[in-house]
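Can you build the whole structure from these sequences, using the hints too?
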Amino acid sequence: MSTTKEQQAVGPQPHVAELGTTSAPLKSAAFFIGAYCKEFNEDFMLCKAESRDPAHCLKEGRRVTRCATDLITKMRENCLEQFESHWACLEQNNHQYYRCRTVERPLNTCMFEKLGLVKTIPGTPEGRKQIHEIENPVLKRQQK
Amino acid sequence: MPVPWEALIPSALLVTMFGVTGTLANITFRAQNQWKPPRYHLERWDEMMIARDNRLTGHNRGQTSDPVIPSRAASS
Numbered sequence: 001m002s003t004t005k006e007q008q009a010v011g012p013q014p015h016v017a018e019l020g021t022t023s024a025p026l027k028s029a030a031f032f033i034g035a036y037c038k039e040f041n042e043d044f045m046l047c048k049a050e051s052r053d054p055a056h057c058l059k060e061g062r063r064v065t066r067c068a069t070d071l072i073t074k075m076r077e078n079c080l081e082q083f084e085s086h087w088a089c090l091e092q093n094n095h096q097y098y099r100c101r102t103v104e105r106p107l108n109t110c111m112f113e114k115l116g117l118v119k120t121i122p123g124t125p126e127g128r129k130q131i132h133e134i135e136n137p138v139l140k141r142q143q144k
Numbered sequence: 001m002p003v004p005w006e007a008l009i010p011s012a013l014l015v016t017m018f019g020v021t022g023t024l025a026n027i028t029f030r031a032q033n034q035w036k037p038p039r040y041h042l043e044r045w046d047e048m049m050i051a052r053d054n055r056l057t058g059h060n061r062g063q064t065s066d067p068v069i070p071s072r073a074a075s076s
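Protein chains in written order, with full-length UniProt numbering: chain C, 1 to 144; chain A, 1 to 76.
Since the hints were derived computationally from the structure, they do not count as laboratory data. Incorrect hints may appear among the rest.
[What the hints assert, rightly or not] DSS-like, lysine-lysine: derived pairs with alpha carbons at most 30 Å apart: (1) C/Lys74 <-> A/Lys36; (2) C/Lys5 <-> C/Lys38; (3) C/Lys27 <-> C/Lys48; (4) C/Lys5 <-> C/Lys59; (5) A/Lys36 <-> C/Lys119; (6) C/Lys48 <-> C/Lys140; (7) C/Lys129 <-> C/Lys5; (8) C/Lys74 <-> C/Lys119; (9) C/Lys48 <-> C/Lys74; (10) C/Lys140 <-> A/Lys36; (11) C/Lys129 <-> C/Lys140; (12) A/Lys36 <-> C/Lys27.
[Stated by the list, open to error] If you anchor each label on the Cβ, the simulated ranges turn out as follows: (13) A/Thr28 <-> C/Gln143: 16 to 26 Å; (14) C/Pro54 <-> A/Thr21: 41 to 51 Å; (15) C/Asp70 <-> A/Phe29: 34 to 44 Å; (16) A/Glu47 <-> C/Ser51: 24 to 34 Å.
Small disclaimer: the values here were computed from a predicted structure and weren't measured. By construction, the Cβ of each residue, glycine as well, lies at the ideal position given by its N, Cα and C atoms.
Here it is as structure tokens:
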């Protein structure tokens, strides 16, 4: 396979396999990836803020991919059943979190016990309970 | 035929036909989405993720939580 001009410009790069997880499991794991990979994600976003050129942030991008792959592997080892049921519920419900709270709670407790990761939504106003922790939310699904 | 319930016969026919239409429509939508409800209110982000799912699994609604990428989709 011949190299493109851009590939020749950056030189040979270490190979990191892309993450093979599809959209529903990623959405289910999203806040845990945010908690686990915070430093790498922030590094990558700051790097992108400097320059949108793809060649500029290859190293930070590799780190993000490795961290996310690591977390998904750990999630599957420790909390497979809750993880699978949560993203199956999301698949049935247009990937909307508020419709899958009953299945999300066991996943959050399992992740906290086994891996110590807590789902926090950044930007929640001070003093307000996290939306996923409210027992009887006003906006909820039609059926119980 | 002059019976008290004669108007209910075409009403029942209408209800049945609407029901059949709705059921067949539901079946066609679900059949294209691997027997799951279709996605709606899709943004550009969602469309890009669905295209990525297609590259990874071969179908727009195919899902897998396996972090190992199959070789045919090795460049996402």
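To see whether the hints hold, each was checked on the structure:
About 28 Å separates the Cα atoms of lysine 74 of chain C and lysine 36 of chain A, which keeps this hinted pair within 30 Å; it holds. Pair hint lysine 5 of chain C plus lysine 38 of chain C does not hold up; C-alpha atoms about 33 Å apart against a cutoff of 30 Å. Annotation: proposed proximity of lysine 27 of chain C to lysine 48 of chain C holds, straight-line Cα distance about 22 Å (limit 30 Å). Between the alpha carbons of lysine 5 of chain C and lysine 59 of chain C the distance comes to roughly 19 Å, so the proposed pair stays at or under 30 Å and holds.
With a C-alpha separation of about 27 Å, the suggested pairing of lysine 36 of chain A with lysine 119 of chain C holds against the 30 Å cut-off. Among the hinted pairs, lysine 48 of chain C with lysine 140 of chain C is inconsistent with the structure: their alpha-carbon atoms are about 37 Å apart, more than 30 Å. The suggested pairing of lysine 129 of chain C with lysine 5 of chain C is violated, with an alpha-carbon distance near 52 Å, which exceeds 30 Å. About 16 Å separates the Cα atoms of lysine 74 of chain C and lysine 119 of chain C, which keeps this hinted pair within 30 Å; it holds.
Under the criterion of a C-alpha separation no larger than 30 Å, the hint pairing lysine 48 of chain C with lysine 74 of chain C is consistent with the structure, at around 28 Å. Distance check on the hinted pair: lysine 140 of chain C and lysine 36 of chain A sit about 21 Å apart at the alpha-carbon level, within 30 Å; holds. Of the pairs offered as hints, the one joining lysine 129 of chain C and lysine 140 of chain C holds, with about 16 Å between alpha carbons and a cut-off of 30 Å not exceeded. Pair hint lysine 36 of chain A plus lysine 27 of chain C holds up; C-alpha atoms about 17 Å apart against a cutoff of 30 Å.
For threonine 28 of chain A and glutamine 143 of chain C, the hinted distance range of 16 to 26 Å is satisfied, since their beta carbons lie about 24 Å from each other. Roughly 50 Å separates the CB atoms of proline 54 of chain C and threonine 21 of chain A, a value that falls within the hinted 41 to 51 Å. For the hinted restraint 34 to 44 Å between aspartate 70 of chain C and phenylalanine 29 of chain A, the CB-CB distance of approximately 38 Å keeps it satisfied. Between glutamate 47 of chain A and serine 51 of chain C the C-beta distance comes to about 26 Å, which sits within the given range of 24 to 34 Å.
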